[in-house]
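**Q** Top line first, the protein sequences correspond to chains B and P.
Whatever position you read off the first sequence (first residue = 1), add 123 for our numbering.
Whatever position you read off the second sequence (first residue = 1), add 81 for our numbering.
Bear in mind the hints are in silico, worked out from the structure with no lab data behind them.
Check each hint, because a few of them may be wrong.
Stated by the list, open to error - To give an idea of the chain B side of the interface with chain P (calculated C-beta under 7 Å), a few residues:
{"#": "1", "residue": "133"}
{"#": "2", "residue": "138"}
{"#": "3", "residue": "139"}
{"#": "4", "residue": "140"}
{"#": "5", "residue": "176"}
{"#": "6", "residue": "182"}
{"#": "7", "residue": "186"}
{"#": "8", "residue": "187"}
{"#": "9", "residue": "452"}
{"#": "10", "residue": "453"}
{"#": "11", "residue": "487"}
{"#": "12", "residue": "492"}
{"#": "13", "residue": "493"}
As the list claims (entries may be wrong) - In silico negatives: residues of chain P with every beta carbon more than 12 Å from chain B:
{"#": "14", "residue": "103"}
{"#": "15", "residue": "165"}
{"#": "16", "residue": "187"}
{"#": "17", "residue": "219"}
{"#": "18", "residue": "254"}
{"#": "19", "residue": "265"}
What the hints assert, rightly or not - Restraint-style ranges between C-beta atoms, simulated for each label pair:
{"#": "20", "chain 1": "B", "residue 1": "338", "chain 2": "P", "residue 2": "104", "range": "49 to 55 Å"}
{"#": "21", "chain 1": "P", "residue 1": "270", "chain 2": "B", "residue 2": "423", "range": "46 to 52 Å"}
{"#": "22", "chain 1": "B", "residue 1": "216", "chain 2": "P", "residue 2": "104", "range": "28 to 34 Å"}
{"#": "23", "chain 1": "P", "residue 1": "232", "chain 2": "B", "residue 2": "489", "range": "38 to 44 Å"}
{"#": "24", "chain 1": "B", "residue 1": "246", "chain 2": "P", "residue 2": "170", "range": "49 to 55 Å"}
{"#": "25", "chain 1": "P", "residue 1": "219", "chain 2": "B", "residue 2": "482", "range": "39 to 45 Å"}
{"#": "26", "chain 1": "B", "residue 1": "489", "chain 2": "P", "residue 2": "113", "range": "57 to 63 Å"}
{"#": "27", "chain 1": "P", "residue 1": "258", "chain 2": "B", "residue 2": "257", "range": "50 to 56 Å"}
{"#": "28", "chain 1": "B", "residue 1": "216", "chain 2": "P", "residue 2": "269", "range": "40 to 46 Å"}
{"#": "29", "chain 1": "B", "residue 1": "216", "chain 2": "P", "residue 2": "111", "range": "36 to 42 Å"}
{"#": "30", "chain 1": "P", "residue 1": "170", "chain 2": "B", "residue 2": "257", "range": "50 to 56 Å"}
{"#": "31", "chain 1": "P", "residue 1": "170", "chain 2": "B", "residue 2": "294", "range": "40 to 46 Å"}
If you're wondering where the values come from, they're calculated on a predicted model, not measured in any experiment.
Every residue, glycine too, gets a C-beta built ideally from N, C-alpha and C.
Each chain, written out:
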Amino acid sequence: MGSVEFRGFGWRHAGRKAWAVRGFDLRIEHGERVLLQGASGAGKSTLLAALAGLLAEDSGEQEGEVLVDGRPAREARAGTAMVFQDPQTQLVMRRAGDDVAFGLENRGVPRAEIWPAVDAALAAVGFPYGRDRDTAALSGGEQQRLAIAGAIALRPGLLLLDEPTANLDPEGARLVRTAVAKALLDLDATMVLVEHRVEEALALVDRAVVIGEHPDAVWAPGAALPARKAAAAPGGPLLRAQGLVLPHTGAVVDEEVLAGQALAVEGPNGAGKTTLALLLGGLTRPAGGRVAATAELAGRDAARPPHRWRAARLAGRIGSVFQNPEHQFVTGTVREELALGGASPAAVDELLARLYLDKLALANPFTLSGGEQRRLSVATALAAAPRVLVLDEPTFGQDLRTWRELVTLLADLRDEGRALVLVTHDPQLVDSIGDRRLELTR
Amino acid sequence: MQTRWRTVDIVVAAVIAVAFAAVFYAWNNLWEALNGFALPWRAAIYGVWLIPAVLGPLVVRKPGAGLFVELVAAVISAVMGSAWGLSVLVSGLVQGMGGEFGFAATGYRRFGLVNAVIGGALAGTGAALMDLGVLPYLPPMTTGQRWTYAILVIVSSAVIAGAGSWALQRALSRTGVLDRFPSGRERVAV
Numbered sequence: 124m125g126s127v128e129f130r131g132f133g134w135r136h137a138g139r140k141a142w143a144v145r146g147f148d149l150r151i152e153h154g155e156r157v158l159l160q161g162a163s164g165a166g167k168s169t170l171l172a173a174l175a176g177l178l179a180e181d182s183g184e185q186e187g188e189v190l191v192d193g194r195p196a197r198e199a200r201a202g203t204a205m206v207f208q209d210p211q212t213q214l215v216m217r218r219a220g221d222d223v224a225f226g227l228e229n230r231g232v233p234r235a236e237i238w239p240a241v242d243a244a245l246a247a248v249g250f251p252y253g254r255d256r257d258t259a260a261l262s263g264g265e266q267q268r269l270a271i272a273g274a275i276a277l278r279p280g281l282l283l284l285d286e287p288t289a290n291l292d293p294e295g296a297r298l299v300r301t302a303v304a305k306a307l308l309d310l311d312a313t314m315v316l317v318e319h320r321v322e323e324a325l326a327l328v329d330r331a332v333v334i335g336e337h338p339d340a341v342w343a344p345g346a347a348l349p350a351r352k353a354a355a356a357p358g359g360p361l362l363r364a365q366g367l368v369l370p371h372t373g374a375v376v377d378e379e380v381l382a383g384q385a386l387a388v389e390g391p392n393g394a395g396k397t398t399l400a401l402l403l404g405g406l407t408r409p410a411g412g413r414v415a416a417t418a419e420l421a422g423r424d425a426a427r428p429p430h431r432w433r434a435a436r437l438a439g440r441i442g443s444v445f446q447n448p449e450h451q452f453v454t455g456t457v458r459e460e461l462a463l464g465g466a467s468p469a470a471v472d473e474l475l476a477r478l479y480l481d482k483l484a485l486a487n488p489f490t491l492s493g494g495e496q497r498r499l500s501v502a503t504a505l506a507a508a509p510r511v512l513v514l515d516e517p518t519f520g521q522d523l524r525t526w527r528e529l530v531t532l533l534a535d536l537r538d539e540g541r542a543l544v545l546v547t548h549d550p551q552l553v554d555s556i557g558d559r560r561l562e563l564t565r
Numbered sequence: 082m083q084t085r086w087r088t089v090d091i092v093v094a095a096v097i098a099v100a101f102a103a104v105f106y107a108w109n110n111l112w113e114a115l116n117g118f119a120l121p122w123r124a125a126i127y128g129v130w131l132i133p134a135v136l137g138p139l140v141v142r143k144p145g146a147g148l149f150v151e152l153v154a155a156v157i158s159a160v161m162g163s164a165w166g167l168s169v170l171v172s173g174l175v176q177g178m179g180g181e182f183g184f185a186a187t188g189y190r191r192f193g194l195v196n197a198v199i200g201g202a203l204a205g206t207g208a209a210l211m212d213l214g215v216l217p218y219l220p221p222m223t224t225g226q227r228w229t230y231a232i233l234v235i236v237s238s239a240v241i242a243g244a245g246s247w248a249l250q251r252a253l254s255r256t257g258v259l260d261r262f263p264s265g266r267e268r269v270a271v
C-alpha cells in the first residue's frame, strides 16, 4: 500500500507551450517519507496534484504514467489524502469534529466508527480543543492541524503535504511539524512533502528529491544569504501611526515609517499584522487612532490621512503587496501587470528577467504557480517604486535563487531612500534586510 | 459532438447562472428605476438579461447550455424577487431557447462571434415577442414605438449578449479558469 511510481511522467497545463514537468522518473517505496524540492515553478505542486489524482485529463496534456500501488493515480484516489498550503481553503464545516468526520462520512464509514476515529485523529495531531470548537475561531496553525487530522482520519496509504506550514508563524509551523511527526508514528503510510525550507522539514523525512533544471536554486541548510542591512542612517519619517488601534486584538501601535529603513513587522498568526499593513497602506480606515503622512511624502495632501487620498495619488506614494497575490491582479498578462504603474518597457524587461518571469511575460497572472504569482505581485510594487512600500509576506513560496533576487531588489530600493514595511514570518528575511523590528502579540 | 454533461459542466453552468441571477436582480431594479423614461429607448439595456443564453453555450459547448443557464438564472432571480413574478421563468425559457438556436443552427460545431451574435439576436427576438405579444407588463405604445422597442431589444441583445458574451468568454479563458473546457483551451499558448 502506498508505493508510488512516476514513469517518464510529463504534464503540460492547457494554454502553455512549456511542460510543467517532463520525463520524470521516481519510485517511492511503501512507507517512505520523501521531501520534494525544486526551484519555484519547477513543477512540485504539479507532481503532487498528479499523485493525488487531481490533474483532470482534460485540463492539460500528459506523457508517461503516474502510478500509486501500480494503478493510475486517478483510480487510486480513495487511498490518498492531501493537505494544502492555505488552511482556510480546506476546512468545510463549522465545528472541528464535523470537519474531521466529513471525509469519513463521504467514504461511507459506519456511523459507530466515525466519532472514535475523529477523536483519535484529533488526539494524534495534538488538537487542543474539543470536537465542538468553531473552526473559524482557530488560529492558522490550529486550522492546519485540524486539516491534517481530517487527512489522517481516513487512514490513507499515501499522505501528500503541499507546503503545509508556509502560511504559519514559526511557532504554529513547529506545532504542525510535530503533529505530522506524531501522526505518522502510528500511520502505515507513504508521505510526500513539498517544502522550500529544508532545515525545517528534514526531521520528518527519510530522503529528499530535488527536481528541475536548477538544483542550485533550492534552499539548503547553511546557504549563504545576502546581508543587506541599511548602511546609511535612516532619513525622516514618511508615515506615522499614532495611537493606531488594531481591531481584533485591541493593540495600539505608535510607530514611524522612516525613509531608507526596512521596518519588519512580526508576530503570530492573528496578531493583526495584515490589518496593520492595510492601515499603513491607506487601504482601510482606522477604527481608532490615525495614520498620518508627512509633508515629505505627500506635500499638501499630508493634511489628510492616506485612506482619504485619491487612488492614483495613494498608489504613487504608498505601494501595497497583499498577502494573497491574486487579490491584486487587474490585467490579462504578466507584462501589462508590471507596466500598469507607468514603468518604462526597459524597466519592465529588467524586472521580468531578474525575477525569472521573462518566459511568462504573456501569460495570464492567474495561471502562474504560487511562487511566481508572489514574485509578480512584489515586482509590480517594485516597478512602480513609490516612496513607501508595504509588503505582506513578500518572500512566500520562493526558492533560494528568487529569494536572493527579491531581497537584493528590495534592499536597493531601500538604499535609494524609500521606506519598506515588511510583514513577515520569514526570519531570514528579517536577518538579511530588517533594520528595525516591530513585534505584535496576540 | 460531445453531448454528455460532465459534473464540471453542470457546476460551472450553475455558477454562471447564479452570478447572472445577481446581475438580473440589479438590472431589474435599474429597469424599474428608469420607469417613465421614454419607454422604447430604455430597451437599449435589454441585452444584459440575455447574456447567460449565449455565454452558457460559449463556455460549456454542449446542447442545452443556453437553455439551462438562462432558465436557472431566471429561476434564482425570481426567488430573489422581481417585479414580474413568475413570468420571468417563461421569459427565461423562451430567451434561452433563442440563444440555443444560435448554436443548434450549426450543429453545435461552431462557437465563434457570428454564432454568438445570431444567438443573442434570436434570444432578443424571443424576448421581444414575449414582451409585446404575451406578457401584460408594457404600457400601451403606438405601432411605431412597438417596432422601435422590438428592434432595440434585438440589437441590444445581439451586441451585449452576443458580442459581449463572446468577449467575456475570451477574457475568462485567458485567466485559465476554463481549462477544463474545450472553450478554455483555445487561447494562444505561452
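**Q** None of the hints should be skipped; say for each whether it holds.
**A** Against the structure, the hints:
| no. | hint | verdict |
| --- | --- | --- |
| 1 | 133 | 15 Å, violated |
| 2 | 138 | 5 Å, holds |
| 3 | 139 | 6 Å, holds |
| 4 | 140 | 4 Å, holds |
| 5 | 176 | 15 Å, violated |
| 6 | 182 | 5 Å, holds |
| 7 | 186 | 16 Å, violated |
| 8 | 187 | 20 Å, violated |
| 9 | 452 | 9 Å, violated |
| 10 | 453 | 12 Å, violated |
| 11 | 487 | 5 Å, holds |
| 12 | 492 | 12 Å, violated |
| 13 | 493 | 14 Å, violated |
| 14 | 103 | 20 Å, holds |
| 15 | 165 | 36 Å, holds |
| 16 | 187 | 23 Å, holds |
| 17 | 219 | 40 Å, holds |
| 18 | 254 | 8 Å, violated |
| 19 | 265 | 7 Å, violated |
| 20 | B:338 with P:104: 49 to 55 Å | 50 Å, holds |
| 21 | P:270 with B:423: 46 to 52 Å | 50 Å, holds |
| 22 | B:216 with P:104: 28 to 34 Å | 31 Å, holds |
| 23 | P:232 with B:489: 38 to 44 Å | 39 Å, holds |
| 24 | B:246 with P:170: 49 to 55 Å | 53 Å, holds |
| 25 | P:219 with B:482: 39 to 45 Å | 57 Å, violated |
| 26 | B:489 with P:113: 57 to 63 Å | 36 Å, violated |
| 27 | P:258 with B:257: 50 to 56 Å | 31 Å, violated |
| 28 | B:216 with P:269: 40 to 46 Å | 42 Å, holds |
| 29 | B:216 with P:111: 36 to 42 Å | 38 Å, holds |
| 30 | P:170 with B:257: 50 to 56 Å | 39 Å, violated |
| 31 | P:170 with B:294: 40 to 46 Å | 56 Å, violated |
Hint check: violations occur at hints 1, 5, 7, 8, 9, 10, 12, 13, 18, 19, 25, 26, 27, 30 and 31; the rest are consistent with the structure.
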